[in-house]
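Peer 1: Spelled out, the chains give:
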Amino acid sequence: MVNGRNVERRTVLKAAGATAATLGLAATTGCGGDGGVSADGTVTIRYAWWGAEDRAQRIRKTIALFEKKYPKIKVKTDFQPYLDFWKKFNTQASGGNPPDVFQNAVGFLRKYDAKNVLLDLGEQVEAGHLRMEGFRAGLEKFGEIDGKLLGVPVGSNSMALVIDKPVYTKAGVKPEQGWTWDDFEAGMRKIRDRTGRAGDSGMYGVMYLYDLYLRQNGKAFFTADGLGFTEADLTDWWTRAEQGVEQGLYADPKKVAQIKPKSALAAELCGSEFTWDNFTVRYSAEGKSEYALAPIPTTDGKKTGQYLGSLMLSASKRTRHPKEVAQFIDFMVHDPEVARIMGYDRGVPATQAQFDAYQPTDEVNKAIAAYEESLVEAGVLEPITPHPNGADICESAFLRIAEELGLGKRSVDEAVQQFFTESKTALGT
Amino acid sequence: MGTTVTHAPAREALSRDSEPRHGPVKPARPAALKRRRRRENLAGYLFMSPWIAGFLLLTAGPMVASLYFAFTDYNLFDPPRWIGLDNFSEMFGDPRWRHSVQVTLWYVVVGTPLKLIAALGVALLLAQKRRGQAFYRAAFYAPSLIGASVSVAIVWKAIFSDDAVVDRTQQLFGIDVGGWTGDPDMIIYALVALTVWQFGAPMVIFLAGLKQVPRELYEAAEVDGAGTLRRFWNITLPMISPVLFFNVLLETIHSFQIFSSAYIVGGGAGGNACGPADGSMVYTCYLYVQGFENSRMGLASAMAWLLLIAVALVTAVLFWSQKRWVHYEEGAA
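Note that the protein sequences, when read in sequence, are chains A and B.
With my numbering applied, the first sequence corresponds to residues 16 to 444, in that order.
With my numbering applied, the second sequence corresponds to residues 27 to 359, in that order.
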C-alpha cells in the first residue's frame with residue numbers, strides 16, 4: 016500500500032485520461048458529419064432504395080457508369096426490402112440524416128413533403144443540372160406536388176393480373192381485355208375445379224386493385240385528403256372476398272402467410288395474382304412455371320380504371336450537394352446505357368431515350384412492354400388517384416385487416432369498422 | 027427490471043463497504059484518513075465514469091425523455107405536442123392494443139410455468155450423481171446460450187411451417203392442423219415452445235439450489251419411510267423455494283419483455299411483424315409497430331411506460347406472495 020500510492024495516482028490519472036479520450040472520441044464521431052467532401056474536392060452522396068439483391072446488382076453497375084462519367088462524385092449505397100426500407104428511412108429522416116438521394120413512390124410524396132424532408136428539384140432544373148424533357152406519357156408531372164418537383168420518375172408501371180400460363184390453359188380460362196368481374200369469378204371457379212389450385216392469391220387485400228375497382232364505379236380509394244369510399248362499399252367487397260375464401264377460389268391465407276416473402280403464385284398455391292406489371296420479372300425468378308400478364312377485369316366491359324404508377328428518385332432537403340444529386344438523377348433517367356442494365360426492373364423506362372435504348376429480348380420483359388403498350392392503345396389509362404399523407408399506413412392496414420378476414424379472425428363488419436378507425440387516425444380525418 | 031432482483035446482495039455489499047474499517051487499516055490520524063478516503067472515493071468514481079456517463083446518456087436520459095413523450099403526440103419530425111393522457115385513453119379503446127395484451131398475458135401465463143417445470147425437471151435429473159453429468163449439463167444448457175439469437179428464431183419459424191418437421195410429425199399421429207406459423211391461434215405456441223426450450227438459465231440456478239439441500243434431511247426422511255414424491259414435496263420444494271422464487275420472478279419479467287423471437291417468427295424482415303392476423307403480436311411488437319411503422323413515438327412511449335408499470339406491479343405481487351410460500355432457513359437471508 017505504501018509504495019503503491021504513486022502507482023495508484025498514476026493509474027487514476029491514466030484512467031481519467033483514457034476516459035476523457037474515449038468520451039472525446041465518441042463526441043467527434045457523434046458529430047462527424049464532414050458533409051461528404053474530401054480534400055481533393057470529391058463529393059460523396061448517399062443513395063438508398065428498396066428491392067432485392069437482383070436490383071442491387073443492376074444498380075451497382077449503373078453507379079459504376081456514373082462514377083466513371085463524374086469522377087468527382089462518389090456514391091455510397093444502401094438497400095433493404097420495402098417495409099424495412101421505410102422504417103429505416105423514417106428514422107434517418109427524423110434524425111436529420113436521410114440519404115441524399117433515394118427511391119420513392121407516389122404514396123410517400125405528400126407524407127414526406129409535409130414533414131419537410133423532400134427537396135424541390137425545380138431549382139436544379141432551372142440551373143440546368145436536371146433535364147425534365149423527353150419523358151413518356153406525361154410522366155414528368157408525376158412527381159409534382161403543389162408546384163414543387165419532389166420526385167423524378169425512373170419508370171412506369173401498372174397493375175396487372177399475373178397468371179400461371181399452364182394453369183390457365185389447363186382450366187380453359189382466357190382472360191381478354193374488357194372481361195368482367197363475373198367472368199373473372201367464373202374463371203377462378205374453373206381453375207379450382209380443373210386444376211385443384213385456388214384461382215387467385217387473395218386480391219381482396221390489395222389496396223391498388225380495390226382502387227381500380229372503385230374507379231370503375233366512379234369512386235377511388237383516396238380523395239385529396241381522405242378515403243374516397245364508404246363503409247357500405249367495403250362491406251360489399253369483403254363480403255364477396257369472405258365467400259371466395261370459403262369456396263377455395265382464393266388461396267388459403269394460412270399457407271400464403273407462411274411462404275412469405277415468396278409469393279403465393281410462384282409457390283403454386285394459386286393460378287394468378289394481382290400486382291404491378293414489373294413484378295413479373297420476380298415471378299420468373301422465383302417460380303418454375305411460365306408467367307404472363309392478363310388484363311384487369313372490368314365492371315362495364317370497358318373501363319379498367321387503370322393508370323400508370325411510377326417509381327421515382329427523390330432528394331433530401333438536407334443534402335449538402337443538391338447539384339451533384341441532380342446530376343445523379345439526370346444520369347439515371349436519361350442515360351441509355353443505364354436503361355440497358357436496369358431493363359424493366361423498376362417499370363418501363365420513363366424517358367423516351369431510355370425506352371428506345373432497351374429492346375427486351377426475353378419473353379418476360381417483352382410481355383411487360385406489350386402489356387403497357389396495350390394499355391395505351393386500349394385507351395384505358397386515366398389520371399392517378401391522389402395519395403394523401405398517411406396513405407402508406409392505410410395500405411398496410413388494408414392488407415393486414417383483409418388477411419385477418421381471410422383467416423376468419425374477424426367478421427366482415429368488424430373488419431370494415433377496424434379499417435375505417437385506423438385509416439381515420441392515419442389520415443387525420 | 028432485472029436490477030430489482032440483485033438489490034439485496036448489492037445493498038449488503040454496499041453496507042459492508044461503508045462500515046468503518048477497524049482491524050486491517052493501518053492506524054492513521056483521522057484527518058489523513060479522511061483525505062485518503064476521499065481520494066479513494068474519487069478514484070472509484072473515475073473508474074466508474076465511463077459506465078456512469080453511459081448510464082446517464084444512454085439509459086437515464088432517454089428514459090426521462092420517453093416519460094415526457096408518453097404525454098405528447100410525437101411523430102419524430104414535428105416537435106412533440108402535449109396531449110395529457112390522450113395516449114393512454116386511446117390505448118384502452120384500441121382493440122389491437124387489447125389483443126396484444128391478451129397475447130402477451132397468454133404467453134407469460136402458459137410459457138413461464140412450463141419453462142420452469144422443464145428447468146426443474148431437468149435439474150432434478152442432472153443433480154444425481156452419474157457418469158458424464160458434466161456433459162449432460164453443458165448439453166442441456168446450450169440452447170439457452172444460442173436461444174436469444176436471431177438465427178434460432180429463423181430456424182424455429184422454418185421448423186413450425188407447413189410441411190416442415192413439426193407438421194409432418196403431427197401428421198404421423200393423424201393430427202392435421204398444418205404448420206403453426208401460418209395459424210393465428212397456433213403461432214403463439216411455437217413461441218411458447220421456443221421459450222420452454224431455452225430452460226438452461228433457470229435450470230443452472232435450480233441445480234445450484236438443489237446442491238444446497240442438506241443430505242441428512244433426505245436420509246432422515248428415508249429412515250422414516252418417505253417415498254420419492256413425498257421427499258420432493260416436503261423437503262426439496264420448500265428447501266429450494268427461495269431459488270424457485272428467484273426464477274419465477276426473473277422468468278416472468280423476461281416473458282413480459284419478449285420481442286425478437288416474436289418479431290422474427292411472426293414475420294421478420296420484409297413481412298408483417300406480428301404474425302398472421304396479429305397472432306403473435308405481443309405487447310412489444312405492437313409498441314414497435316406504433317413507434318416505427320406508424321411513427322407514433324408518443325403513443326409508443328406511453329405503451330412502454332405502461333408495460334414498465336405493469337411489470338413492476340406483477341413483481342410487487344410476487345414479492346408480497348413470497349411470505350406465503352417461500353421458505354427461508356433460519357439465519358440465512
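Check each hint, because a few of them may be wrong.
[Stated by the list, open to error] Which stretches of chain A does chain B cover? Using the computed rule of at least three CB atoms under 8 Å from a CB of chain B, they are:
| hint | segment |
| --- | --- |
| 1 | 265-271 |
| 2 | 417-428 |
[As the list claims (entries may be wrong)] The following label-pair restraints were derived from C-beta to C-beta distances:
| hint | chain 1 | residue 1 | chain 2 | residue 2 | range |
| --- | --- | --- | --- | --- | --- |
| 3 | A | P96 | B | A184 | 48 to 54 Å |
| 4 | A | P86 | B | G80 | 41 to 47 Å |
| 5 | A | K91 | B | S115 | 50 to 56 Å |
| 6 | B | S177 | A | K91 | 45 to 51 Å |
Calculated from the structure, these hints are not laboratory results.
Please read all numbers here as calculations on a predicted model, not as lab measurements.
From the three backbone atoms N, C-alpha and C, an ideal C-beta is built for every residue, glycine too.
Peer 1: Determine whether the Cβ-Cβ distance between P96/A and A184/B falls within the hinted range of 48 to 54 Å.
Peer 2: violated, 18 Å
Peer 1: For the segment 265-271 of chain A, count the residues whose Cβ lies under 8 Å from any Cβ of chain B; is that count three or more?
Peer 2: holds (count 4)
Peer 1: Using the C-beta atoms of P86/A and G80/B, is the stated range 41 to 47 Å upheld?
Peer 2: The hint (41 to 47 Å, Cβ to Cβ) holds, given that P86/A and G80/B are roughly 43 Å apart.
Peer 1: Taking the Cβ atom of K91/A and the Cβ atom of S115/B, is their distance within the range 50 to 56 Å?
Peer 2: violated, 45 Å
Peer 1: Against the range 45 to 51 Å, how does the distance between the Cβ atoms of S177/B and K91/A compare: consistent or not?
Peer 2: violated, 28 Å
Peer 1: Test coverage of the segment 417-428 of chain A by chain B using CB-CB distances below 8 Å; three residues minimum.
Peer 2: holds (count 5)
Checked against the numbered hints given earlier, this structure breaks hints 3, 5, 6; the rest are met.
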